[in-house]
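Number of protein chains: 2
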Amino acid sequence: MTSPTTGATGTTPTGADDTPPGTAPTGTTAHAARPAATAERVRADYAALKARGLALDLTRGKPSPAQLDLSTGLLDIGAADLGPAGAGADHRNYGGLAGLPELRAIFAEVLRVPVEQLLAIGNSSLALMHDTLVHAVLFGVPGSARPWGAERTAVLCPVPGYDRHFALCEKFGLEMIPVPMRDDGPDMDEVERLAADDPGVRAIWCVPTYSNPTGAVYGEETARRLAALPAAAPDFRILWDDAYAVHHLTDEHEAHEAHRTHEAHEAHEAHDQPTRPDGATTPAPAPAPAPAPAPDILALCAEHGHPDRAFVYGSTSKITFAGAGVAFLGSSPANVEWLTGHLARRTIGPDKLNQLRHARFLRDAAGLRAHMARHRALLRPRFDLVERVLREQLAGLDGATWSRPRGGYFVSLDVPDGCARRTVELAAEAGIRLTPAGATFPYGRDPRDRNIRIAPTYPALDELETAMEGLAVCVLLAALERS
Amino acid sequence: MTSPTTGATGTTPTGADDTPPGTAPTGTTAHAARPAATAERVRADYAALKARGLALDLTRGKPSPAQLDLSTGLLDIGAADLGPAGAGADHRNYGGLAGLPELRAIFAEVLRVPVEQLLAIGNSSLALMHDTLVHAVLFGVPGSARPWGAERTAVLCPVPGYDRHFALCEKFGLEMIPVPMRDDGPDMDEVERLAADDPGVRAIWCVPTYSNPTGAVYGEETARRLAALPAAAPDFRILWDDAYAVHHLTDEHEAHEAHRTHEAHEAHEAHDQPTRPDGATTPAPAPAPAPAPAPDILALCAEHGHPDRAFVYGSTSKITFAGAGVAFLGSSPANVEWLTGHLARRTIGPDKLNQLRHARFLRDAAGLRAHMARHRALLRPRFDLVERVLREQLAGLDGATWSRPRGGYFVSLDVPDGCARRTVELAAEAGIRLTPAGATFPYGRDPRDRNIRIAPTYPALDELETAMEGLAVCVLLAALERS
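Going line by line, the protein sequences match chains A and B.
Reminder that position 324 of the first sequence reads as 324 in my numbering, one-by-one numbering, no gaps.
If you want my numbering, it's the 1-based position in the second sequence plus 483.
Simulated from the structure, these hints should not be mistaken for laboratory data.
Hints may be right or wrong, so weigh each one.
As the list claims (entries may be wrong) - Among the chain A residues that face chain B by a calculated CB cut under 8 Å, a handful are:
| # | residue |
| --- | --- |
| 1 | Ser124 |
| 2 | Ala127 |
| 3 | His130 |
| 4 | Thr347 |
| 5 | Ala377 |
| 6 | Pro381 |
| 7 | Asp384 |
| 8 | Tyr443 |
What the hints assert, rightly or not - Just so you have them, the derived chain B footprint on chain A, three or more residues with Cβ under 8 Å:
| # | stretch |
| --- | --- |
| 9 | 295–305 |
| 10 | 400–406 |
C-beta: ideal position from N, C-alpha, C; glycine also.
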């Protein structure tokens, strides 16, 4: 089904050859490789590329202005709705540390956390992860014998992974242990081996839905094994960053069908909803039914005797406004009590007015899904374009593989071994900014120097096409230099 | 000028008798003491009070609903202003860690911090103090040999002071050393003695303008001595929480005249500005000139060879919405770089849209002052009422003194020694909630058990009157029981 060495596939650091046929939810069907470009042609292409004097950026997973426009209606929810008369309570004053119940109810469903165990605080889930680690390092979590900072603490990092997760570990002096990423989550044999043997291994980073950057979707079986994991550390934690819980690019959900017990298919009707200027109060007429959610990690952990094992994170950063959204943290009652005890000394409460704006704008989980269908209509052409250019330009290149994600914000491109750093360098010289090579690995060390993260959401389509074609030229030249 | 044992005065933990005549900015003129209430009358009054079955709350410094209504216009600043077209830039996306320059410019003037050294982040200055301490404890500040958490660290705490400052110290295991509070700041002889002798003394809490709870206003001389302090610790820090920088209750500024080089008097015209429903875009027609600001602590520190000594904090919590405002932190370039380096791993940026709402609503420092004049019109009657009831009910009670603040959110009441805890208990039994006795001291230990913090801003005037009269009865009964 996949053509591991000559086309699109799920990326795994141990080589696409390791992927058993039929298990790669991000794979495409095989296609004919076009003839390899000649060396002269590649050099000429690169010279021409440089001569264009581009200034393009594929570095960060940011929503485009058109995506932000989808939430314009949120900005027009005013005093009539937000004041005490319209809100039914006074949300303007101090208090309400856990966040606004109406908004938490919407995301409780999406993130699979009981609403009373879900906090809505601040505008950044990264900040909530940071603060979880701050308090773990300084004080330990429930079940810790000592603060994490007082003894050796290591964190399992599925790779390639999210650079900001790794930056947090580095900051707090937490050792990072890479674990190969598969298409349905990390290599669980390896996770089990590492966690069972080493009491210093206290956590694992997970992006369960459309993992950053590979697009991998954690299956129920992966989640069950994480929940059941016989960790040597009694205070082992799963840092479950469900950043892309509702960020689907497809309505087919083959990935879910293969790996998850899904509830319903997303309706076709929602796919091409036009962008409505009054999106705030008028969800799409026929909202899509709930797509397959991530595994219910809190329930699985409780079921397997580890009720306090998982912290779940999410945010509206890529739903409403990346800078002005709302972040969420959900966990067991004991963990929530632990964290709110600490947070109560930090703040008297979150911005409940912005939470109320969000609750009024999104209305409910169905409204949220309808809103995400509008994002998908904007994002899908970008991901299709990336796939098309990579296929057209790199299908003939031995060792080049890439993910074809069904959701999320990234495409993970593996270039031939030893070529990633040089590719990024060549692209920078041609005015195309890429995430630094190695960024998707702890300490910036990609052992095969091959992974590049592509963030196609922000640029306009024509710019994206130019950038992707330029990137392909750089990959070909880097491979040529190395051959 | 003051009548230390029988009337209103500045409160100092070493006794009002220590206050030299003429230096008490919070004092009132002496007045005739009314005859002491008879024991029978006091007991009967308390029985009657209990019989009323009240449920009143004087615990926290919260703005009243009418104060929050002053900022209704902020909620109606919508997409036309906040979107890229109206804003002149796209503030909806990630980024801009330092906060919105337009808003920082307004508060740079008020907080006396160069705009490029002032950050606008989150909705809570307490959170910024918390995070400063987190990073000091884990990593040390510029100039630290080791993290504050890795060696004995003590913090000087002027008393009575702010319970949430003390709670942060307790949380991070920072020893607290009380220092007597005077009417122009802490007892600087004591501060100098403690900091010069002990390299473990690394910080001091300061609320320079209308200190919580005494209303003390730090004078230029106090600030100069703090800046020049020959601290044994090379990484000594002044935690300068200017929470009430623009929260004036008077337009006379005797306090400033005595202790500060002030720029101008506040104009009478601004005093009784009516509340405007369109307050957002229409500042009062004749905005008050700038009142005397707090000493320029950053400049003073630099002048005295300690450029990295001070962190300045502020927020709009008691200017716009207590839950949905904006917090500020200003410091030296080195400190700002240190902190933003840490914060950059925590978040990709603050809620710039809410900052833009604030900038549009307040417009400039003059608009901010006009807005604060409207707060003053609502607050002044409450503080006048507290003063009147205390004078009428407690002027005859030996050992009862209280502050008459010219700004801020609190009145500090000293009851006869050994009577504070009992007073709070009696009040609770009568349905009047007060801040716990001792809360204004580190570890909750008021050595003379006499200080009670009164927060008069939130209740309606008639409720406040009932609560204050009830409180006075409780003070008299507690004193009677002890006599």
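Evaluation of the provided hints:
no.: 1; hint: Ser124; verdict: holds, 4 Å
no.: 2; hint: Ala127; verdict: holds, 5 Å
no.: 3; hint: His130; verdict: holds, 4 Å
no.: 4; hint: Thr347; verdict: holds, 4 Å
no.: 5; hint: Ala377; verdict: violated, 19 Å
no.: 6; hint: Pro381; verdict: violated, 20 Å
no.: 7; hint: Asp384; verdict: violated, 23 Å
no.: 8; hint: Tyr443; verdict: violated, 15 Å
no.: 9; hint: 295–305; verdict: violated (count 0)
no.: 10; hint: 400–406; verdict: violated (count 0)
Taken one by one, the earlier hints fail for this structure at numbers 5, 6, 7, 8, 9 and 10, listed in ascending order.
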